[in-house]
Amino acid sequence: MTGKATSKRQQVLKRLRDNISQGMAIVGGGAGIGLNAKKQEAGRIDLIILYSSGSLAGLMPYGDANAIMLEMDCETLTVVKDTTVLAGICGTDPFQDMSAAEGVLNFPTVGLIDSETEMSYEKEVEMIRMAHEFDLLTTPYVFNVDEAERMAGAGADVIIVHMGLTTIGTIGAKTALALSPSTIAWSGSRGLWAQNMSFPGIQGFFDAGSPEQLLVESAMKEVVQEFKSIRLPARLMRQTVAHL
0 MTGKATSKRQ QVLKRLRDNI SQGMAIVGGG AGIGLNAKKQ EAGRIDLIIL
50 YSSGSLAGLM PYGDANAIML EMDCETLTVV KDTTVLAGIC GTDPFQDMSA
100 AEGVLNFPTV GLIDSETEMS YEKEVEMIRM AHEFDLLTTP YVFNVDEAER
150 MAGAGADVII VHMGLTTIGT IGAKTALALS PSTIAWSGSR GLWAQNMSFP
200 GIQGFFDAGS PEQLLVESAM KEVVQEFKSI RLPARLMRQT VAHL
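For the sequence shown, position 10 (counting from the first letter as 1) is numbered 9 according to numbering that gives the first Met the number 0, and the numbering increases by one without interruption.
I should point out that these hints are in silico values taken from the structure, not numbers from a laboratory.
Owing to the predicted nature of the structure, the values given are computational and were not obtained by experimental measurement.
Please note that a few of the clues may not be correct.
Here are the computed distance ranges between Cβ atoms for each label pair [to be verified]:
| id | residue 1 | residue 2 | range |
| --- | --- | --- | --- |
| 1 | I112 | G200 | 23 to 29 angstroms |
| 2 | M219 | G22 | 33 to 39 angstroms |
| 3 | S6 | V223 | 42 to 48 angstroms |
| 4 | D134 | G33 | 22 to 28 angstroms |
| 5 | K13 | G152 | 20 to 26 angstroms |
| 6 | N143 | V223 | 41 to 47 angstroms |
| 7 | S20 | D134 | 32 to 38 angstroms |
| 8 | A151 | V223 | 43 to 49 angstroms |
The calculated DSS-like cross-link candidates involving lysine-lysine, where the alpha carbons are at most 30 angstroms apart (straight line), are [what the hints assert, rightly or not]:
| id | residue 1 | residue 2 |
| --- | --- | --- |
| 9 | K37 | K220 |
| 10 | K37 | K80 |
| 11 | K80 | K7 |
| 12 | K7 | K122 |
| 13 | K122 | K38 |
| 14 | K38 | K7 |
| 15 | K38 | K13 |
| 16 | K13 | K80 |
| 17 | K37 | K7 |
| 18 | K7 | K220 |
| 19 | K227 | K38 |
| 20 | K38 | K80 |
| 21 | K13 | K37 |
Built from N, CA and C at the ideal position, the CB exists for glycine as well.
Given these sequences and hints, build the entire structure.
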């Protein structure tokens, strides 16, 4: 008689727990295109996260956040071999579609603006509860203890403490939060990552933009500067000027 088959979610959770038991932090990273997801997988990242936007832009009327994410999901799943891909779902969207996702988190999230309208954070809690019932991996963002408890009650697998938007890079936010004893499980701000991994309870880190945005910003600038530093031979310069 064969043993009971385990779901994809259970397999992922076992892998994450095994990493923690071996003293390895869990790392999730945002990927905007398939190539970036492929390279992050090559670096042995634990979870690849798809965001329709890495900022408050996802809450603005610039486009359909979930439709954008689904397009990214289709592209990413064709190049990622073994790493679990999390889809950032706008939980307040009544037309949300999680059918193609391996796992989900609540982004864009009204938690960033502390909404008190009917499109509230509770809609995101219900989205996580629904995803859990679908046996998807669930890794919601929370902004305080109350939200953490509500997400845990909805069946969340991993609680991500959102510490604010990325504060470095050319479009970084101006302020960030500091860790306190109310922190539940995981930090969500790259600026606090290295110095706070010893903080009680933290077992990993979700990095929305740094794996691709910050590295690409500096690398692209340096590559262009390197090309622009190439000097043409004097003979070729004279010939070119003569024909202008």
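Each hint tested on the structure:
At about 26 angstroms, the CB distance of I112 to G200 agrees with the hint of 23 to 29 angstroms. Range check, M219 to G22: Cβ separation about 35 angstroms, and the 33 to 39 angstroms hint holds. A beta carbon spacing of about 47 angstroms between S6 and V223 agrees with the range 42 to 48 angstroms that was offered as a hint. In this structure the hint that D134 and G33 lie 22 to 28 angstroms apart at CB holds, the actual value being about 26 angstroms.
Between K13 and G152 the CB atoms are about 23 angstroms apart, so this pair conforms to the stated range of 20 to 26 angstroms. Distance hint check for N143 and V223: the Cβ-Cβ separation is about 43 angstroms, which falls inside the suggested range of 41 to 47 angstroms. Look at S20 against D134: about 23 angstroms separates their beta carbons, and that is not inside 32 to 38 angstroms. Checked against the hint of 43 to 49 angstroms, the pair A151 and V223 passes, with Cβ atoms roughly 47 angstroms apart.
Straight-line distance between C-alpha atoms of K37 and K220 comes to about 22 angstroms, which keeps the hinted pair within the 30 angstroms bound. A C-alpha spacing of about 8 angstroms is found between K37 and K80, which places the hinted pair at or below 30 angstroms, so the restraint holds. For the hint linking K80 to K7, the alpha-carbon distance of about 14 angstroms falls within 30 angstroms, and the restraint holds. With a C-alpha separation of about 25 angstroms, the suggested pairing of K7 with K122 holds against the 30 angstroms cut-off.
At most 30 angstroms may separate the alpha-carbon atoms for a hinted pair to count; K122 and K38 exceed this at roughly 34 angstroms. The hinted pair formed by K38 and K7 meets the criterion: a straight-line CA distance of about 23 angstroms does not exceed 30 angstroms. For the suggested pair K38 and K13, the alpha carbons sit about 24 angstroms apart, so the restraint of at most 30 angstroms is met. A distance of roughly 18 angstroms separates the Cα atoms of K13 and K80; the hinted pair therefore holds under the 30 angstroms criterion.
Distance hint between K37 and K7 is fulfilled; the C-alpha atoms sit about 20 angstroms from each other, no more than 30 angstroms. Taking the CA atoms of K7 and K220, the gap is near 40 angstroms; set against the 30 angstroms cutoff, the hint is violated. The suggested pairing of K227 with K38 holds, with an alpha-carbon distance near 27 angstroms, which does not exceed 30 angstroms. At roughly 11 angstroms between alpha-carbon atoms, K38 and K80 fall within 30 angstroms of each other, so this suggested pair holds.
A C-alpha spacing of about 23 angstroms is found between K13 and K37, which places the hinted pair at or below 30 angstroms, so the restraint holds.
Hints 7, 13 and 18 from the list above are not met by this structure, while the remaining hints are.
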